[in-house]
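Full structure from sequences and hints, please.
Number of protein chains: 4
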Amino acid sequence: MVRERLGVAVVGAGYWGPNLVRNFATAPDWSLRAVCDLDLARARALAHRWPDVHATHDLDEVLRRSDVDAVAVATPARTHGDLVARVLAAGKHVLVEKPLADSLATGRAMVADAEARGLVLMTDHTYCYTPAVLRIRDLLAEGALGDVLYVDAVRINLGLVQPDVDVIWDLAPHDLAILDFVLPGGLRPTGVAAFGADPLGAGKACIGYLAMPLPGGASAHVHVNWLSPTKIRRMVIGGSRRTLVWDDLNPTQRLSVYDRGVDLAQQGADADDRRRAGVSYRLGDTWAPALAEHEPLGLVVAELAAAIREGRPPRTDGHDGLRVLAVLEQARTALAGDGAATRPAAPPQDVPVRELVANGGRS
Amino acid sequence: MVRERLGVAVVGAGYWGPNLVRNFATAPDWSLRAVCDLDLARARALAHRWPDVHATHDLDEVLRRSDVDAVAVATPARTHGDLVARVLAAGKHVLVEKPLADSLATGRAMVADAEARGLVLMTDHTYCYTPAVLRIRDLLAEGALGDVLYVDAVRINLGLVQPDVDVIWDLAPHDLAILDFVLPGGLRPTGVAAFGADPLGAGKACIGYLAMPLPGGASAHVHVNWLSPTKIRRMVIGGSRRTLVWDDLNPTQRLSVYDRGVDLAQQGADADDRRRAGVSYRLGDTWAPALAEHEPLGLVVAELAAAIREGRPPRTDGHDGLRVLAVLEQARTALAGDGAATRPAAPPQDVPVRELVANGGRS
Amino acid sequence: MVRERLGVAVVGAGYWGPNLVRNFATAPDWSLRAVCDLDLARARALAHRWPDVHATHDLDEVLRRSDVDAVAVATPARTHGDLVARVLAAGKHVLVEKPLADSLATGRAMVADAEARGLVLMTDHTYCYTPAVLRIRDLLAEGALGDVLYVDAVRINLGLVQPDVDVIWDLAPHDLAILDFVLPGGLRPTGVAAFGADPLGAGKACIGYLAMPLPGGASAHVHVNWLSPTKIRRMVIGGSRRTLVWDDLNPTQRLSVYDRGVDLAQQGADADDRRRAGVSYRLGDTWAPALAEHEPLGLVVAELAAAIREGRPPRTDGHDGLRVLAVLEQARTALAGDGAATRPAAPPQDVPVRELVANGGRS
Amino acid sequence: MVRERLGVAVVGAGYWGPNLVRNFATAPDWSLRAVCDLDLARARALAHRWPDVHATHDLDEVLRRSDVDAVAVATPARTHGDLVARVLAAGKHVLVEKPLADSLATGRAMVADAEARGLVLMTDHTYCYTPAVLRIRDLLAEGALGDVLYVDAVRINLGLVQPDVDVIWDLAPHDLAILDFVLPGGLRPTGVAAFGADPLGAGKACIGYLAMPLPGGASAHVHVNWLSPTKIRRMVIGGSRRTLVWDDLNPTQRLSVYDRGVDLAQQGADADDRRRAGVSYRLGDTWAPALAEHEPLGLVVAELAAAIREGRPPRTDGHDGLRVLAVLEQARTALAGDGAATRPAAPPQDVPVRELVANGGRS
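Residue numbers (the numbering used here), protein chains in the order written: chain A, 1 to 363; chain B, 1 to 363; chain C, 1 to 363; chain D, 1 to 363.
Treat the hints with care, since some could be wrong.
Chain copies aren't distinguished; within one or between two, either way the pair holds.
What the hints assert, rightly or not - Heads up, simulated DMTMM-like pairs for lysine to aspartate or glutamate below, C-alpha to C-alpha not over 25 Å straight-line:
1. K231 x D198
2. K231 x D247
3. K231 x D164
4. K231 x D147
5. K231 x D52
6. K231 x D67
7. K231 x D263
In short, the hints are calculated from the structure, not lab data.
Shown next as structure tokens:
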């Protein structure tokens, strides 16, 4: 009988684990079987509300259970490689917290392993399942903005200084995953420049800026910051027809689409003509689409179940995770050697790009 | 008799000229004598409200007048070098629009010329005379923020694509001049990284990002953009004690000082100790100082008169203009060769830094 | 020759006079002939920028001039009755500051006088000529909001305590004139309740609330306040189809039209059925129409010229002014006898209502 | 042993019940014993997460339990009278949802009953336990605002049209309870004027305005609205020294204290002198106190336990509930007879006022 519930275990009872537990425990597709954490007390505290859920500190015990079909890994990034290898070796599907891994090489090994075994590896890019991001993706796909000219993302607040990763690896994955998800063809920067600052002497960047030229003259910029006393989560996507502003902290108008912009008169075909030609300004209306409210993690766990049942890659699979890791690695390279300098880094050649939507791509 | 009015002429009747004319015409220190523009009709249209003001297209005629003590130059940056040379050669003091010149070399020549002749050369960094910037400078000077850790400036809107300069040379001089004015010791980046984008094919960058490491581990970042459908003018100055946010478009609360931030416990003396030590968060009150309203250009023309009368450099003199030019030149170098790439550029060695406030500096 | 300029004089060089002077002086339809104020120095200070404009303290001298076709009266409300009578007796058209008079009776006499003499009497309801209000009127006329259900207007700030009028007579005329202008059929409350407060002991209300039932179950509420440390200028017009919010202090989105609201299912014809039936919620998109920028007073002086030339009433004529006065009088009646109490006051029977737009009304 | 947990049952599993259940279930002072709802399925759905909590539709069964010390009543207001009578008759303490009852008479009977039996009757005025309201109360008590001059409260959003109560009885209790809590001496209006509108024909007011003169020339105004497409929760408390603005939807600056206002020069003792005297304006700084975050309902259940253990009235007891009911009744009287008119209604004589803080009152 196809519609039987799938069994799942959650590994890691820290910051994100409770959200996974709550969503798996209440989802129609899933039976939550176990919560696993090296700190058994923490696993128990998380599991005790759900009488049928087992708490343990022993992953092998979890992996031996035949009623566990998938494992969600919500532990620090540096542990993902080993944990996922064990999960896959046990024949279980896996959902992995962002970032997929702490290096591109490790991420590649994980993805190759899952593919070799025919198991689903899903990256938990939760933001991609929010009503706002789903709508942005649709607007871009249907051409409402025209061609993308630039993206400017800001994600700053008074944040927890992480023990093992800098602010770029901590916060930028959100914006990179979103860009990969909404840009037709995915995130394919032709280079990455990075600037990081550690003014407190914390031993890692607490402020970061990424600049990425995109194909066709477009570009993307991401600003992340743990030291800002005010909180901003704002992404601007400037298009040739319209510009979208996503202000995630404005619940009554998260998305605004501005029919406002600069037009270059394009009488001639070549660049010189365009440069000589005048510019004009559009000052049109603004439109704020209504967004239904739903919890994005509910869609994540539903998508994982559907991918397993249908034997297909999930919407945010390992390759999406790799494209995010590729940019993070380039940023690390750009920053290396001089803690506060900036050098451009070329993209790796072997991370597959997302196929173009126009080609009837996978998403 | 000392308090006699000084005579002034305004050259350039374009965007900024009318503001200069209005302020000189109504200032108690000044008698506006002439308005000069190559387009005589434009000069006349601007002068006709002031019965005693002569309109002309002939600068030499203006420079021959003995009742003209100073000339304000509000023409495109590429003309500043020649015009200022003629003004100084005629023995007149000069007020120059920002940016001081279209190259550092030209700017240096202008400053050297004025100093050799003992004439006042003032850069019209108008923002430095606003109530908000004057207050920020005081707050930094008195230590209310502690040491500066980072600066993040955003100046974006739907702007006029300029015929001769890119967005960095058009808009960033405002933020650079402000930084030079408020930072104790002035703006002294140890490098400049720049990223520019021209997604419309306008022939020049319409989006620009500057990242500047500052001495002592601090850094500054400036984002300028002509293509944004929404307008933002915001500068954050993060300090070791408090953080200031200047939102110039919020008239009821332009300045907010947040007693909120991250503290590294500093039990040990060396960096490793600091890194191992924990961090803590301050979540204190916010304070928004009241600001008196005044027109900053009124202070500019008053300061020019005072500097001439007292034989001293004005608050924003040629050296301030040169420090701004030095950063713009470094950004140009960083961008050169690859329209959308980024390379760090070292600062020129011979632009004098502002003396430290602690040394009883000139301001 | 028809397109000859008309001559005008401005009486009153106080708060609003300078705006009238500037607009008449630069309008293509008008030649500004004179500025008149009991305080001759103030008249001169205002006139001196315009070489051809005569300054005087003698209204009779102005009224004797044959090159003056119209007079704009910008003096305190209590003087309007006498001044307008003199202007009309001299055969001149007249533009009168809001409120039209300090009592309904005086206003009626003014309007009757102008009509008897065949002269134009225009009320300077400047707000009715702003891009926002013109657009609101169009949206209501074309049915974009459906039937008006309620209006809620707030106009509060730290304001000048006026020597002769309370806050209701000072600020509410703006909102009442706007309502009269935008509501199809004009402002026709079936009663007026008022609440005023004078917590400082200033001798007059500094805080005021007006509540007005409108025909068909709708209602309007106006809140005015001189004591608020923050400034709000906001009007909500709730309609059966959509709701409009006008936030005059948000320049990037002054008007927002929300397709969001409560629907009563209306299966049955009578009220009981409706009450038993359920309600549902619409959560549709928001739309912010672009507004061209223009100075409304420029349209006011152009409309005055057009009305004089075409021998027709202007868009905001004396009857509009009377409908505003009628509400102010009702509010005064409601407040009388008990400084802080509230009683409903019925409307006067003889102030003509605006004809319905559906009847091909005058506007 | 005093610190044993108290037993509690929650009656009503609708909108508010789940919040009570969650807080009682996790509070150190309480053992949640039962959830009771006429709809047994709803009671079970709410109880099933807590293995030891009994679900039932039979209140008598709950009241017979000796391990239940208190009952929380979260049912529609019209049922409070009967339910609370049964709870008290069973010797249990009681926490009652706002409004305390659907009439002042019923509320009085409840309070008298509890006092006769020596049982605690607490009104669940949850807002009074929020960090913002607690801080406002402190600021007023310590004189930071000076004397209260006016209060203006707005609580509007797209709200559920309630089946049994109008918008005034639904939403205004929040603001009235807050005012009663923060005003030194409690809420003691000398009259209540009300204006209600039912533009949808829902059979009850969906828009309401209350105006209340307060002793000493102050006044309070409350605006509630179920039909607003935008959400506003804002209270302004104007004082003789400073003015406080509470914007509950601005998490980064909920409270702002403005040292900005109008001063009447007070050279003379009598009113005429004051009126002749000039006014001046203070334009001082703004200050936004930091607020700790906590869940207010956690404090409510802790306060209930403390009151029971210490044999004292809780912070928000039945008399607070009665003062709120008194205003609601006056508003109902004011609105009666004419659905959209307004008449002042005098306060009942026998609702005890809160003793003044200066007298060492109970709070």
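Right, here's what the structure says about each hint:
no.	hint	result
1	K231 x D198	within (19 Å within a copy, 29 Å between copies)
2	K231 x D247	both (11 Å within a copy, 14 Å between copies)
3	K231 x D164	within (23 Å within a copy, 37 Å between copies)
4	K231 x D147	between (30 Å within a copy, 22 Å between copies)
5	K231 x D52	neither (39 Å within a copy, 41 Å between copies)
6	K231 x D67	neither (43 Å within a copy, 47 Å between copies)
7	K231 x D263	between (33 Å within a copy, 18 Å between copies)
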